[in-house]
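All chains should be modelled from the sequences, with the hints used to inform the complete structure.
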Amino acid sequence: MTTDFSPYYRLWALQLLAEFEDIRAQYGLALEAPIFEISETLKQYGSWQATSRMIRISSHLITSCSWDVTCLILKHEMAHQICSELFHNNTSDHGPLFQRACQLLGLPASYRHASSDLPGPTTSAPAGDARTEKGRQFIIRIGKLLALATSANEHEAALAMEKASQLMTRHNLQQLQEDAQSAFASLIIHTRSQRLESWQRKICVILLQFFYVKVVTSSLYDPLRHAPYKTIEIFGREENVTVAEYCYTFLAGQLASLWQQNRSRINGKGIRVRNSYYLGLLQGFYDKLKAQKALTEATNHPTPTMVPRDGDGTAIAILIRAEDAALDQFVGLRFPRLRRRSEGKSFIYRETYEQGRVDGQQIVLHKGVADQGGGQGLLLAVNK
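Per the working numbering, the sequence shown starts with residue 651, numbered consecutively.
All the given hints hold, so there is nothing to weed out.
Here are the simulated lysine to aspartate or glutamate pairs, DMTMM-like style, with alpha carbons at most 20 Å apart:
1) Lys880 to Asp718
2) Lys852 to Asp1009
3) Lys919 to Glu847
4) Lys943 to Asp974
5) Lys852 to Glu1004
6) Lys693 to Asp743
7) Lys880 to Glu669
8) Lys938 to Asp1009
9) Lys852 to Glu883
10) Lys852 to Asp937
11) Lys880 to Asp672
12) Lys919 to Glu1004
13) Lys919 to Glu1001
14) Lys938 to Glu1004
15) Lys693 to Asp654
16) Lys852 to Glu895
17) Lys919 to Asp1009
18) Lys852 to Glu1001
19) Lys940 to Glu1004
20) Lys880 to Glu847
21) Lys940 to Asp1009
22) Lys880 to Glu895
Honestly, the hints are just simulated from the structure, not real lab data. Just so we're clear, the structure is a prediction, and the values are computed from it rather than from any experiment.
Rendered as C-alpha cells:
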C-alpha cells in the first residue's frame, strides 16, 4: 500500500522556501525567492523553470533521502537559477557558468552533474583514487592493532592502544607530506532528537581533540515529523571521519550499558545523576587519551624521509597549520557563516561524576575496523 504524502506538500514547500532564504543569506546571494512546487515524478529529483520562476522538488526525493540530500538538490536548482537571473544565461547545460554558480553555493562536485541518479557520499574521493586506497589500508592496519587490545593482559591491551595512537599520528603526518591537496569528506550523525545532551557534546570534544577531525553541531528538518532535530557533522580526511564516526557510535551506546552495570553502587536517582556519571565516564576516557597522545608526541620522531623538519619541528608545524586551514576552508563551504559559542556548564553530582571518571579510564579501543565489506566497526569496551 502506497502512503499518500500529499497532505505534507504545503509544509515541505514552505520549508524549502525557508531553506532557500537561509542559503541565500549564508552565501550572500542577491536572488529573489522562486515559487516552490512538490512534484510526484520519479524521473527528476529537481528542476528549475526559468519562465515561471519555479523550482520543483520530487516528493520521492524527500521521502526516500535525508533532508540534507534534499538541500543539496535544492542548491543544484538554485545554481540553475543563478545562471538565469544573475548570469543572464538561460541554457540548461552544466557548463562553466553552471560550475561557477555551484562554486558560489559550495555545492560538492558529485551534485554538479546532470544525472538523475543520486551520488554516494558527497565528498568521498573517487574509488580509484590512491589516497582512498591508502586510507583503506590505514583503517585495516588500525583494525589489526586494536584487535590485539582485546587481550585480558592489561599491559598488552595498553601497548596495542598506544601503537594504534602512534599509527594514527604517523599516518596523518605522512599524508601531510605526500598530499599536495587534501581529500576531505563529511558525514552527518542524525540524532533524531530536538536537543543535544551534554554528554553528546563531550563526545564531540573527544573527536575534535584526538581524531584529527572538525565537528559542527547543527539542526536538520525532518519532513515526516515536520520538526527540526539536532545533527553532528564530522569533517576531515575520509579515513579519519570513518574512525571518528565509529568512536561516536560506540561511545554513545556504551554509556547506557555502563550505567546499567554500575548504577547499583551509585547514590541517587534521576537523569542528573545518570548524566553526571556519563560525563565522568567521558572525562576519564578523555584524560586517558590525552595522556597517551602526550606520550605518543613525545616519542614519535618522524624520519627525515617522512616529513622535512628542522631541529624544532617548525616544518611539521607549518604542514599541520596548512592542513588545518584547508580543513577549515572545507567546513566553510558547508557552513560559510559558522559561529562558535561556548556551552554553559552542566549541573553535576560530584561524587557520581568522579565514580564515572575512574570507570572511564578503563575504557579501551578494542575491536578492529575492517575493510568496508567486512561490516565491522571500531568498538570500545571497559577493560575490567
